[in-house]
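> So you can see what is in the structure, the chains are spelled out below.
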Amino acid sequence: MKNRGITVILLILCLTAVLASPAMAAQKPVTKIGACANYGGTYINVTAPHDINLGVMTVGGFTTGHSSVDGSVSTDASTYQVVATDQKVLLAGYMNTVPDGSGTKLTDKLQIGSSPGSLDAADSPGITYTDTTDLPFYVSQHVEPGDVPGYYSITITFVGTYQ
Amino acid sequence: MKKAFLAIFLALGLVVALAAPVFAGVSVYNGKIEQTVSPGQTYTYTMTVQNSSDSPADFGVEVDGYGTSANQDFVVLSPADDTSPESARTMLTVTPTAFHLEANATQDLTVTATIPPGTGAGGRYAIIFIHTIAASGQQVATVSAVAARVLLTVTGNTTDTTTQVTALAPTAAVNNTAGVLVTLNDSGNYYVKPQVEATLMDGSKIIATGTVDTGWPIIPGYSRQYQVNFTGSGTIPAGKYQVAVNVKDGAGNLLAQSTYPVQFTTQQVLQTTTTTSAAAPGASTVTVVQKSGGSINWTIIIVAIIAGVIIIALVVLLLQKRKTL
Chain A
1 MKNRGITVIL LILCLTAVLA SPAMAAQKPV TKIGACANYG GTYINVTAPH
51 DINLGVMTVG GFTTGHSSVD GSVSTDASTY QVVATDQKVL LAGYMNTVPD
101 GSGTKLTDKL QIGSSPGSLD AADSPGITYT DTTDLPFYVS QHVEPGDVPG
151 YYSITITFVG TYQ
Chain B
164 MKKAFLAIFL ALGLVVALAA PVFAGVSVYN GKIEQTVSPG QTYTYTMTVQ
214 NSSDSPADFG VEVDGYGTSA NQDFVVLSPA DDTSPESART MLTVTPTAFH
264 LEANATQDLT VTATIPPGTG AGGRYAIIFI HTIAASGQQV ATVSAVAARV
314 LLTVTGNTTD TTTQVTALAP TAAVNNTAGV LVTLNDSGNY YVKPQVEATL
364 MDGSKIIATG TVDTGWPIIP GYSRQYQVNF TGSGTIPAGK YQVAVNVKDG
414 AGNLLAQSTY PVQFTTQQVL QTTTTTSAAA PGASTVTVVQ KSGGSINWTI
464 IIVAIIAGVI IIALVVLLLQ KRKTL
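Residue numbers (our numbering), protein chains in the order written: chain A, 1 to 163; chain B, 164 to 488.
Among these hints, one or two may not hold up.
Listed next, the in silico EDC-like pairs over lysine to aspartate or glutamate satisfying Cα-Cα at most 20 Å (straight line) [unchecked claim]:
| no. | chain 1 | residue 1 | chain 2 | residue 2 |
| --- | --- | --- | --- | --- |
| 1 | B | Lys403 | B | Asp365 |
| 2 | A | Lys88 | B | Asp221 |
| 3 | A | Lys88 | B | Glu225 |
| 4 | A | Lys88 | A | Asp120 |
| 5 | B | Lys356 | B | Asp323 |
| 6 | A | Lys88 | B | Glu360 |
| 7 | B | Lys411 | B | Asp376 |
| 8 | A | Lys88 | A | Asp134 |
| 9 | B | Lys356 | B | Asp412 |
Part of the chain A face toward chain B, derived, beta carbon under 8 Å [stated by the list, open to error]:
| no. | residue |
| --- | --- |
| 10 | Thr42 |
| 11 | Thr47 |
| 12 | Ile52 |
| 13 | Thr157 |
| 14 | Gly160 |
What the hints contain is simulated information worked out from the structure, not anything from laboratory work. The beta carbon of each residue, even a glycine, is placed where N, CA and C say it ideally should be.
Next up, chain B with everything else stripped away, as it sits in the complex (with noise of 0.2 Å):
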């Protein structure tokens, strides 16, 4: 009886110890570089890479390029997809690039920029590619990572940030918000952080404004797609009409102009505040609350199943020792 019981706590001990997820996380400080380089000189930077996790980890390192997508304002590129004349992957060097860290441990990152004589002006970006190493063999296994951006301004003549409206289409968002997708491509060399003004006009009657502001920039050679919806109250018949897109930079200079015409084929609702901008999220200031958690609650069943082994051994060994008495 008491090695049976014995034998089903330890089973039961182990097997909650085993099933334990592990979770692999990477935190990183200092985790951009955006800086101004001359030709001809050398930089180096330091970036501190900690295992968050728990457990111990292994820790990989690359340097790849950086660009955009049509609905990604990063993408990390490896090396064969890094064709851009802007990228910067080809200047900086990373140490190290392989390492392991214990629980909670940290090790410095130290990224070399080294700008060839000759270099031409403007923008220079690539991504300094964080990550850890996926162990677990499950069907689908998921890495931690950061993708530290680099973006170097090489000194020079006038950096050029021309940009173009490229296509512009009304949405079907949902319950029929009016909204325009604009896509934007920066054919520059230096990359553009693009505030989106859409006016919504029938004829030279101005019906309805939006604006997209993310932040994010565009990298030279790629494009980007902003949903603006228009603000407002009240609705739009269904019609056709025209959209005056103004792209200006952070310092409110024009980029690009251009006028689409539209139909909208149901009448559209205007949305009565501004969300399409990325807002800025809780976590700015002063208290960041990292949270863990998720469908099940781990830590109730775990405390449960403690709990009740714990009594089952203690009605065990009282029973025992009535029966010695």
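The shape of chain A in the complex, shown without the other chains (with noise of 0.2 Å):
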């Protein structure tokens, strides 16, 4: 009878703890009536694609990937955009040993795109997304060579603004 207590309880905890998390809440569709008469004036919301683990990288080749949750935008603007680029000052563009680019970089720019197939460099063009409230991110890294082994990471900053 202890025994059989102590699983209903364990059980209403893992069923807590998992009805809890962020990705049974995230993937719950919002919807927003209106413009936000909470706090007034226009509105936007960005919340960027989930982050992109690329794993050991392909020497000689490419690594690809692609955010397992796409992103998204809304507001309440007529017209709106969302542009995702590495915003690091030092060496934009480039996966680097540092976060702020002061390390070790890569020799090619990672790209990035909305679609497997329309990729560019990370940090200029970027990815501009127009008329849309869905955000997939896609991602390729060339890797060389002469590239010194060790883990490399790029932050892609996804920016909105309304007209």
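Hints are included, so try docking the two chains, each in its own frame, into the full complex.
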């Protein structure tokens, strides 16, 4: 009897943990009516796509990846845009061993795009999303044989604005 | 047996909970300042930032420069890159510049614009850059941000909207659609929202026309390219033509006029409808649907796992009950 009680409690705890997880909440469509009168004025919401883990990248070839969950944008403005770029000041567009770009970079820039077939350099032009509420995100990184082994990273900023 | 089951169940639950992606979203209300200002005066504005995700998040706010590029309607410029004499960056302060927000919580930002005495007439431009802080450490991390544009008009003499057509070239558009890429430069002291009209001519004969009106401004000192496709029906033979470009402002005033020779090396197709202007998105008036979703439906996967585990648990419990009886 005591063991069964513990089992039931554990079941409830696990279910609570799972149901309270961000993934469940994030997948729920959120409908906003009107111009969000709580705070007044025009609003824009930007939720970036999920991070991408490329794993061990292939030397001499391209390693590709994409966000498992698209980003999203919502606004009550009639015209808006979201631009995705690497905005770091040092060596923008390159994956680097130090996040601010002060470490070792890969030879080639990271390519990013809203589809696997349309990729551009991560610093410029990056990706421009127009007339869409979904922000799909694809990347491709070429690693040269001379690139130094190490852990490289980059941050892509999804910036929204409205007219 | 029971212990093993419990261990598996707990592990599954924890894996699902911990592996769940965290979305760091940002909402900004009143995220645009467009104001006429006077030298020697100080103005304050309030924006509201909301953590639109379901987890706590850290936010940062900076005052940056505002520019355009050949293929972007807005560019957030770091202070080092913001060299325009029409920058409003140094006139602006914002507080707070860093804060933590629980899920769905809000924070008011106070933006103060101090216009120095003697500031000349014209526009002054900047961006209040509001963003989440990347914390994942993943190879390709992402950050959500909003560029709150600041467009100040300093009172005084007439604003200067001098604009030049600096380049024009035929484009190899999809399906050989007849079009040209027009480059405009704003060399005045005030932004322009150009309406670009291109007329394709064979001598004095008008072959086709095309227009673009995105509604986005060119910031003084910067250039922007516009793809103008010619509309109509039928095709245009390969050959040499001329393209006359008229650039007007929103009131219809002519800002620039130029004619360029172009050569199409292959037969071109006229575009049946104008799609080059920025179309208004569907989320424009009453109902805005914010949709989260991706190539993997996590909800279905998670629900399936939960259902499976519950069924196994019930079966095991029933079997144990039978044994006991």
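> Hints first: check each against the structure and report whether it holds.
Hints, one by one, checked against the model:
For the proposed pair Lys403 (chain B) and Asp365 (chain B), the alpha carbon gap of about 8 Å is at most 20 Å, so the pair holds. The straight-line distance between the Cα atoms of Lys88 (chain A) and Asp221 (chain B) is roughly 18 Å, inside the 20 Å bound, and the hint therefore holds. With a C-alpha separation of about 14 Å, the suggested pairing of Lys88 (chain A) with Glu225 (chain B) holds against the 20 Å cut-off. For the suggested pair Lys88 (chain A) and Asp120 (chain A), the alpha carbons sit about 17 Å apart, so the restraint of at most 20 Å is met.
This hinted pair checks out: Lys356 (chain B) and Asp323 (chain B) have alpha carbons roughly 13 Å apart, not beyond 20 Å. Taking the CA atoms of Lys88 (chain A) and Glu360 (chain B), the gap is about 37 Å. The hint is violated against a cut of 20 Å. Simply put, Lys411 (chain B) and Asp376 (chain B) have alpha-carbon atoms about 10 Å apart, close enough for the 20 Å limit, and the pair holds. Distance check on the hinted pair: Lys88 (chain A) and Asp134 (chain A) sit about 25 Å apart at the alpha-carbon level, beyond 20 Å; violated.
A hinted pair counts as satisfied when its Cα atoms are at most 20 Å apart, and Lys356 (chain B) with Asp412 (chain B) qualifies at roughly 6 Å. For Thr42 (chain A), the interface hint holds, since its Cβ comes within 8 Å of a Cβ in chain B; the closest pair sits about 7 Å apart. With a cut of 8 Å, the hint placing Thr47 (chain A) at the interface with chain B holds, because the nearest CB-to-CB distance is about 3 Å. Look at Ile52 (chain A): its Cβ gets to within about 4 Å of chain B, closer than 8 Å, so that hint holds up.
The criterion of a C-beta within 8 Å of any C-beta in chain B is met by Thr157 (chain A), whose closest approach is roughly 4 Å, and the hint holds. Checking Gly160 (chain A) against chain B by beta carbon gives a least distance of about 5 Å; that is within 8 Å, so the hint holds.
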